[in-house]
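2 protein chains.
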Amino acid sequence: MPNSPAEDKIPVVGSASSPQCSEEGLCFSDGRRKVDYVLVFHHRRHGSVRSFASNSVSHDRISIVSNGNFPSAAGSDAAAGRGGSSPGREAASVGEVFVELGGAGGNDLTEPADHEMDLIRQEFEASLQEAGLEIERDKELKTQGHSFTRVHAPWPVLCREAEFLRIKVPTKTSYDLKEESGFGSTMSTVWRKMNQPFQPKVPHQDHECTKFLTHCFSRDKLHLYNITSKDTFFDNATRGRIVYEILRRTVCVRTCQTIGISTLIAKGVYDAAFPLHDGDYKVIGQPEERSDRQVLHDEWAKYSAFYKYQPIDLVRKYFGEKIGLYFAWLGVYTQLLIPASIVGIIVFGYGVATVDTNIPSLEMCDERLNFTMCPLCDGACDFWHLSTACGTARASHLFDNPATVFFAIFMSLWAVLFLEHWKRRQISLSFSWDLTGIEDDEEHPRPRYETILLQKKQRKENKVKKKNKKKKNEPEKQEDGAVTGKDRWRQKLLSAMAAGIPAAIEKLTWKDRLPGYFINISSIIFMFALTFSAVFGVIIYRITVSALMAMSPDPETKSNVRVTVTATAVIINLVVILILDEIYGAVALWLTELEIPKTETHFEEHLILKAFLLKFMNAYAPIFYVAFFKGRFAGRPGNYVYVFNDYRMEECAPGGCLIELCIQLSIIMLGKQLIQNNIFEIGIPKLKKLVRAIKDKGSAEKKMEDERPPQQWNLDYALAPFEGLTPEYMEMIIQFGFVSLFVASFPLAPLFALLNNVIEIRLDAKKFVTELRRPVAVRAKDIGIWYNILSGMGKFSVIINAFVISFTSDFIPRLVYQYMFSETGTMHGFIDHTLSYFNVSNFKHGTAPQNIEQADITVCRYKDYREPPWSPDAYTISKQYWCVLAARLAFVILFQNLVMFLSLVVAWGIPDVPKTIVEQFKREKKLLVDVFLREEKEKFQLIQSLFSKDATHQLSTNPLSPGQVLPLLGRYSTLPPGPTQGSGDGGGPRARCRAASFSQFTRSIPPSPKNENENSRHTAV
Amino acid sequence: MPNSPAEDKIPVVGSASSPQCSEEGLCFSDGRRKVDYVLVFHHRRHGSVRSFASNSVSHDRISIVSNGNFPSAAGSDAAAGRGGSSPGREAASVGEVFVELGGAGGNDLTEPADHEMDLIRQEFEASLQEAGLEIERDKELKTQGHSFTRVHAPWPVLCREAEFLRIKVPTKTSYDLKEESGFGSTMSTVWRKMNQPFQPKVPHQDHECTKFLTHCFSRDKLHLYNITSKDTFFDNATRGRIVYEILRRTVCVRTCQTIGISTLIAKGVYDAAFPLHDGDYKVIGQPEERSDRQVLHDEWAKYSAFYKYQPIDLVRKYFGEKIGLYFAWLGVYTQLLIPASIVGIIVFGYGVATVDTNIPSLEMCDERLNFTMCPLCDGACDFWHLSTACGTARASHLFDNPATVFFAIFMSLWAVLFLEHWKRRQISLSFSWDLTGIEDDEEHPRPRYETILLQKKQRKENKVKKKNKKKKNEPEKQEDGAVTGKDRWRQKLLSAMAAGIPAAIEKLTWKDRLPGYFINISSIIFMFALTFSAVFGVIIYRITVSALMAMSPDPETKSNVRVTVTATAVIINLVVILILDEIYGAVALWLTELEIPKTETHFEEHLILKAFLLKFMNAYAPIFYVAFFKGRFAGRPGNYVYVFNDYRMEECAPGGCLIELCIQLSIIMLGKQLIQNNIFEIGIPKLKKLVRAIKDKGSAEKKMEDERPPQQWNLDYALAPFEGLTPEYMEMIIQFGFVSLFVASFPLAPLFALLNNVIEIRLDAKKFVTELRRPVAVRAKDIGIWYNILSGMGKFSVIINAFVISFTSDFIPRLVYQYMFSETGTMHGFIDHTLSYFNVSNFKHGTAPQNIEQADITVCRYKDYREPPWSPDAYTISKQYWCVLAARLAFVILFQNLVMFLSLVVAWGIPDVPKTIVEQFKREKKLLVDVFLREEKEKFQLIQSLFSKDATHQLSTNPLSPGQVLPLLGRYSTLPPGPTQGSGDGGGPRARCRAASFSQFTRSIPPSPKNENENSRHTAV
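Keeping their order, the protein sequence lines are chains A and B. Here the UniProt record's numbering is used: the first residue of the first sequence is 1, the next is one more, and so on. Here the UniProt record's numbering is used: the first residue of the second sequence is 1, the next is one more, and so on.
Note that these hints are calculated values from the structure, not bench results. Just so you know, not all the hints are guaranteed correct.
[Said to hold, decoys possible] Below, computed lysine-lysine pairings styled on DSSO-like, alpha-carbon distance capped at 27 Å:
| hint | chain 1 | residue 1 | chain 2 | residue 2 |
| --- | --- | --- | --- | --- |
| 1 | B | Lys-926 | A | Lys-781 |
| 2 | B | Lys-672 | B | Lys-695 |
| 3 | A | Lys-781 | A | Lys-322 |
| 4 | B | Lys-689 | A | Lys-781 |
| 5 | A | Lys-423 | B | Lys-423 |
This is chain A alone, in the form it adopts within the complex (with noise of 0.2 Å):
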C-alpha cells in the first residue's frame, strides 16, 4: 500500500464538519463518521464465554478497524467491483487484512460451525475494507446476544460508487421554473392558497420554482456539482444505496464460494443488514432542525394527517424511488376514488330516492297482487307470497337500478383515467427525480441460481471425468482428489465470474428448470383446485343448512333461514379467504424459488404474477360464483335439480341475484380490509414486536445491565426487517379488483376503498417510519409490472362489467318488458310477467308441500320465463327468455365495444407526456449543454493561454505546471466518449455512463491521485 492511510485521511477529517453526528449512535465513535450501514451478528448461546471475556477487557470498549482508503488502488478496487479480482491478487490481499485482524478479533471464540461463520464474517469484512469501506465494531463483553458491525463508506469510495451507479447529482446550475402569467398565474395562486392547508409543512417544500440541473456523477466534474460539504451532498439513503452496492457484489473466495451480502444472510453467517434511520422519529425538545425522520413522523406518518397530501418528494429522498413511487401511486389512487365514491353515492342515493316510485319493487310489495309462489325446498317448505320478500325487493333496487349501469360504464372510464393520469404522474415523478434515462442495470443472478448452475457444471465434470476414467482406466483415487481441487478452482472462478465479467455463458436451460415448471403447474392446478372445493363446500354448506332449517319445526328458525345461511355463508368465506391468502402468499414464494428464476426482478416478476393469480381466484372465486352461476342451474318446479340426490341446487334471494352479490361483495371486500389491516398489518407485527422483545429480554436479562444507552443500531434492530413491497401492492390491486370488476353491483365499492385507503396510507407510512428497518434506497423508474396487471384488470373489467349487468341485474329484463311486451309501454305488470305458471298437481310424489295450509292452490309461480301448463310444450322455454336472452347478449356486445372504444378516445386524448415536462426537459437539455459547452471553452481559454505565449519560458516560470495542466485535461477528456453518442437512443445515456464508468475503472494512465488532489483542492476553493 503506498499510501499511508493517514494521509489518505486527510480530506475525510478536514471536511468532517459532522453537523449530523450530534444524537448519539449515528456515528462511529469518533463522533465524525456516519454509521451507513449496520451488520448484525447473533452470538451463539454455547459460545465458550471465557475466553472473549477475557480478551475483550483488556481491549478498547469500541475498536476501529479502519483500513483507510487507498487511492491509487482505486482502479483495482474497481476491478474488483466490477469483476472480483483474480482469485491469486485476491488471497494475497485477504492474507493480509487477515493478519491484521488477527490481532483485533479472537477467532477461536466459537464452536465449530459458529468458528466457521466467524472465518466468513473476518474475510467478507476484510473484502469489504479492501473495497475502501470503514469498519467498526463492538468489542464489548457479549457471551451471546447481538453484534454489530458498523459500516461507513469514506468520500473517495461514495464518489467510485456514485460514478460507477451513475448516480445523478445537483450541478451548481439552477433554473427557474416557468412562471405562468395572466389568468393562468391568479387561478394558480388561487389554486395554491386554497391548497395551503392541505399541504405538509416539509422545509424547502417552497422552493419548487427553482430546479438544480442534475447530472450523472463524474470525479472529474467534481468543480460543476453543488457541493457544499462531502459528509452532506450524499444524503443518507443515496449512502446506504452506495454501501449496499459494494454489500451486494462483495465476493467471498476463500471461506465460501458466495457473492454479497444476501446469501450470507441466507446462510445465517449474518442476521441482519440495514442502513440506520435518521435517528429516533419522536422530536425531544424543540431542536432547531427536525430530521428527516421526524418531519416524515410528524407531517406525514400520523392518521391526524390524512387529509393532506404526502410529502412525496422526502419520502423518496428517505426511502428511495421504489418506495416513493409506491407512495405517489396509492397517493394517485386514493386520490381518484374520491370522485369515483361521489358518483358512487350520487348513484345509490338515486336508488334510495327512486325506491318508493319504483314499479317492479313496488308491484312486489302489494299485496293484493298475491302471486303465490311455489315452495323454496321440497315437502317441509309451504308456498309463500310475494310481498313477503318485499324487504329484499326493496334493497335490490338501490343496487340494481337504470344508474348503475351508468356507473359501470362511467368506471370503466375511471379505470382507464386513472392509468393514464398515472403514467403521467410518473413521468412527471420520474421528470423531478432524475430516473430518466436510468436503466435496469444488468443484475448479478440470484445466489441459488448460482448455486444450482454450479451443481450442474459439477456433475457435467463428473460425467466427463467418469466417461474419461472408464477410457483410461487408470486409478481413480489420484484423480479424485486433483479434481477436487480443481473444482474448487473452478468454484472461485465461476463466483468470480458470476459477479459480472461477461464470459459466464452458461445458463441454466428449461431442462434444468423443467421439474420445478411440473411442481409449479401442478400445484398452481392443485391450489385452483382448492380454491374452487372451498366455495363449492360453503355451497354445500349453505344447501345443507338451509335445507335442514327448513325442516325445524320452529317457525322462528324457518323465517330466518336465508339471512343466517347467507351470514354464516359469506362469513365462512371470508375465513377461508383470508387463510388460503396467507397460504397462497408461501406457496407462491416456494414455486417460485423453485423456478430458480435468474435474477432479483425475474423473481419478483414471477412471484407477483403468480401471487396476483392465486390470490385473485381465491377473492374472487366465490364472488363470480354467486354472480353468474347461482340460481341458474336449480331448476324449475318439478324437475329440480338435486345435489347428493336430496338437496336442491340453491337460488337467488326474490328479489334478483344481483343484492346478493352484493352482500357477498361488500362482506369479502370490507371483511378482508379490515381484518387485514387490523390483524395482519397491525396485530401480527406487534406481535412478533412483543415475541423479539420477550426474547431479548430474556438474553438481555442473561447478561450484565448495560448502563449505556441502546444505540441507534440496536433500536434499528429491534424494528421489523423490510419485506418488499409485494405485499402492499397486491392488497391495493386486489382492491382495485373489487372497485373496478363488481362495480356495477355495488355502487359504495369506490367509497369503501377510498376510506379504507386514506387509513392504508398513514397505516403504511407508520409502518415504514416507525416500525421497519430502515430499507434500502432503490432506484425504480415505474411500478413495474403491476402496470400490466392494473390495465389487464381494467380491460376485464369492462366485460365483467357488460355481463353483470346484463345477466345478473334486471335491468335488461325490465328495458325487455317495458318496450317488447308492456302492453301500456309502462313497467306496470312487470312482475306478473317475470313468473312463469306451476300446476301443483305436477309436482313429483314426495316433493309437494306437506303441511298445506291453502289447499285450494292449483297453481303457483316462480320466477323463471317457461311456458304456461295449458301450453302445448308445457314448461318448456318460452319465447320471452330467448328474447331477453338476445337482448342481454347484445347489451354486452354494445356495452364492450362502446366501452373499449371510449377508453381508447380517452387514452388517446390524453398526452402520456404532460406538456410542461416536455418544455422543461427540452430547457434542461439546452442548459446542459450550454454549460459544458462553456467548459470546453474555458479549457481551450487555459490551453491556449498556456501555448500562446513562449512556450519555452512559460512552462518553466508559469505557475500551471505540466502536472496541473494533465488533471485538467484529464477532466475534459473523459467528457463521456462519444462513441455511444451513435450506438442507439434506449441504450444512450446508459452506455455513456457506463462508458464513463468503464473509462474510469480501466484505464491505468491518469495520474489519478493528484487528480483527486486536484479536484479537491478545486471545491475547497
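Fit chain B to the supplied structure of chain A, relying on the hints for placement.
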C-alpha cells in the same frame, strides 16, 4: 473573404479522381464535380429575346459561378444555416454577390413579373453559394424553354452538413457478425442454398457476415472513418439529401420573405428541383460495373424478377430510408400473404369438396321437397320453386361453410402476426440501416403556416397601431411609412426566426384555425353524405330496375333479373368508388391545407387520416350495406316495406346474403386493383408523359435544333415528379382492409391480394426507377401513422368478421338447428325449418301474383322465422328467431373475446426486438466504446510523451509543435460534450449529436482551418 477561393479549392481538385463522371451529364462541365441537384425554371414565352441573344453569344456556352469554399466562414455559414444570419450582414454579402452576378447574367431581360422572379432566383442562388454550394448554369441561347441550374456540394460543405444532420457513416472498424455453429449453421447454409435462386444479384450482397461500425459523422474524427475517396464517401443519395437540406433552409430576405426551395417552387420562381439519377437505367454495352440505378432496374424493377427477394438495402441506398421502408413493408406484407393465400385456398377447397355432401344445399336442390316460395315482386311475379335457386345455394356453400369460421379466426391472428413481424423487421432494418437513435428533427414550419402567421402578426400590429393613433390623435401619413418599414424589418426577422431560432414563440392558436376546422368538419360530413347517397342511389337503381325487368313480358329478361341487376349495380358501384376516390384524394389535400398544420409531418398525418377516412368509407360503404343491411328491412309477405310507395325493398338471394357479399367484395376488390393499377398507375403517367412530350416537342420545334445529346438533367426533368408515398400506402391499406375486414365472406381475398402485390411491387419499382425523378433520400425510422391505421384495422376486423359470420352467414342458424331443433341431430330438414308459411289469402290487395299458373296454391313459403298463419299470433316473430338471434350474439361475444385474447397472447409471445439484434446492439456498443477509449489512450500517451521529457527543451526542439498538438486536443475534446449524458434517455443521442454540431457551429476558439488541414493530412497518410 480572407482566403482566396483558389487556395481553398485545392483539396477538392486534388482528391477529385472522378470515376463516376464517366457518363455524360452527371457532372459539371469540368468533368469532375458531380451534379448533386438540379433547379429548373421556365422562361416565359414573352421574354425579350433580342437583348438576351446578343448577350449570351459573347459569353461561353457555360459559365461557372463558383464561390469556392470559405473555410474561415464556416462558422458563420453554419449560423446562417441554423437560424439565418442577421439581416444587415446578409444584405451586405448579398450585395457583393449581386455585383458579381450582374456581370454574368443580365437582369433586365424579362417582363416585370419575370423580372422579379429572376431577382429572387439570383438572390436565392447567391445565398446558396454563400452557403458553400457551387453552381453551374446553362448560358446558351434560350428564348424560352427550361433553364437548368446545377448544384454541386463540395467536400467541406458535405462534411459540415453531414455533421449537422448527424449522418451516420462507417468507421474503419468492422466486426464479424456472429456465425452460428453446429446444427444451426448447417441449417442456415442449406437455407441459404435453397434461397439462392430467389436472391437478387446485387454486388456486395454476400459480404453480410462483417459489418462496419457506424458513427455520426464529425469533422473532428475524420481519421476514424473509412474514407477511400472524398467523392464517393457520401453516396449520391446522401449528397442529394445534404443539398436539399441547404436548399430547404436557405432564406430569401431581400426579394421575398420566404425560406426554402419548396416555397419558391410553390411561388413559381422555380419549376422543379430534384437530385439527379445515377445515369441511364439501361445497360449499354458491357460496362465493368453497373450503376446502382442499372442494378435496381435489372434485378428489381422488372416483372420477370417477381419471384425474387427485393434488394432492399440497395433500394434504401438509392432512394433513402423512407422509400426503402415502404418497399420493405410491402415485401413483408406480400410474403405473409403467401400462407394466408394457401390457407384461403384450402378453405375454399374444403367448400368445393363438401358441396355435394352438404345437406342444406342438397335439400335446396332437391326438387322432391318442392317448396313453393312467395313471389319476389308484387303482382308481376309468380310463385316459384326453391329448387330453381339451386345454383346460388351450391355457390353459397363454397364460401359459407364451417371452415370459414376457422379462416376468420386465422386471419385475425394473421393480422396480429403480420404487425408483430413487421415490428421486428422494422427494428432489424433500423439497426442495419443505422436508424436507431435518430429522432424527428425539429422541423421548419410549412410555407403556408408562415404566411398565415405573418398575416396574423400584421393584423395585430395594425390593431395596436390604430389604437395608438386613436389615443395620440397624431397625423397618420408620416407614421404609416415608418410602420411599413418597420413591418418589413419585422417580416425579415420573422422569417429568419422561423428558420430555427427558438425565440419564435408566436404561433397560430385554435382561433386562427377555427374556420379551417369548420370547413373541414362540414366538408367531411358532406362527403360522407355523398358516399351514402351514392350507395343509396345504387340501391334505388337495383330496386327499380329489377321491378321494371320483372314486369317485362319477356321471360328471358325475367329469368336474368338477379344476375343482370347485381352485375350492373356492382359495376356502377365500382365506377362511383373509383371516381369518388380520386375526388376525395384532392378534397383531403385541400381540407388539410385549410387546417394550416405547422409542420410537414403534421400535414402528412392529417392528410393521411382524412384521406383514409374518406376513402375507407367510400370503398366499404356498399360492402357494409350488403353485409349487414341488405334484406333485413324487406318486411314479410303481406307486409312488405316499400320505398317511394311503389318499390319493395330488396331481399338477399335465396342462397343467403353471404354470396352477394362475396360477389360485391370480389368485384370491387379486383376491379379496384386492376383498374387502379392499369389506368391510374400505368395509363395516366404514360398519358402525362405523352402530353409533356408533345408540349416539349412543340417548344423544341420552335427553337433551333440542338446537336448536343440530352443531358441527364434534361432526361430527368422529362420524368414525372415524385409525389410522396401516401397514394402507394393508401392503396395497400385499403387492400389490407379487403383482406382482413370481410375475409370471412371471401377466403380467396388473400390470394388475389397476393397476385396483385407481386405485380404491384415491380410496378412501383419500375415507376421509381424509370418513370419518376429521383426523390430526395428522406430518413424515417418507421412507417409512421400507417402502422396505427393497420393496427386499428386489425382490431376492427375482429368485430366485423364476428358479425359477418354470425349475421351474414348461415353458420349459426345451422348450428342452432342441428343442436336444438333437429329431431335427428342432423341437418336434414334445415331448409324447411328456415322457411315460414304464408297464407296466400293474406296478400294485400294488388300484391298477389296476377297470372297464377298454379291456382291450387294456398300457402307459400318465405325465408324468415315467423309464426305460421294458423298460430294464435300469426306472422309474429317466432321463438326460433329469438333463439337464433341469441346464438348469433353469443357467437359474436365469444369470437371477439377469444380472438382478442389470442391476439394478446400472440403479441405478447413475440418479442418486439429480435434476440440477435439485441446481442449485436450490445456488441456494437461495446466495440464503439473500445474504439474511442483507444483513441483517448493514444491522446494521453501523446501528451505524456510531450510533457514527460524536459519541457523546456522539448517544446523548442520536438517536431510536435504546439500548433500540431492543439488540433489533436481539439479533436478529442469535441468528443460529444458529456453534458447531455445525464439529461435523459429519449433525447440522449440526438442531444449529443446536436451538442456536437452546436459546438461546431458556435464556438469561435478552435482554429478550425488548421484543424481541417491536420485532419486531411492524417487521413491522407
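Each hint tested on the structure:
1. For the hint pairing B:Lys-926 with A:Lys-781, the CA-to-CA distance comes to about 25 Å; that is within 27 Å, so the pair holds.
2. Distance hint between B:Lys-672 and B:Lys-695 is unfulfilled; the C-alpha atoms sit about 31 Å from each other, more than 27 Å.
3. Annotation: proposed proximity of A:Lys-781 to A:Lys-322 holds, straight-line Cα distance about 8 Å (limit 27 Å).
4. Between the alpha carbons of B:Lys-689 and A:Lys-781 the distance comes to roughly 58 Å, so the proposed pair goes past 27 Å and is violated.
5. Annotation: proposed proximity of A:Lys-423 to B:Lys-423 holds, straight-line Cα distance about 24 Å (limit 27 Å).
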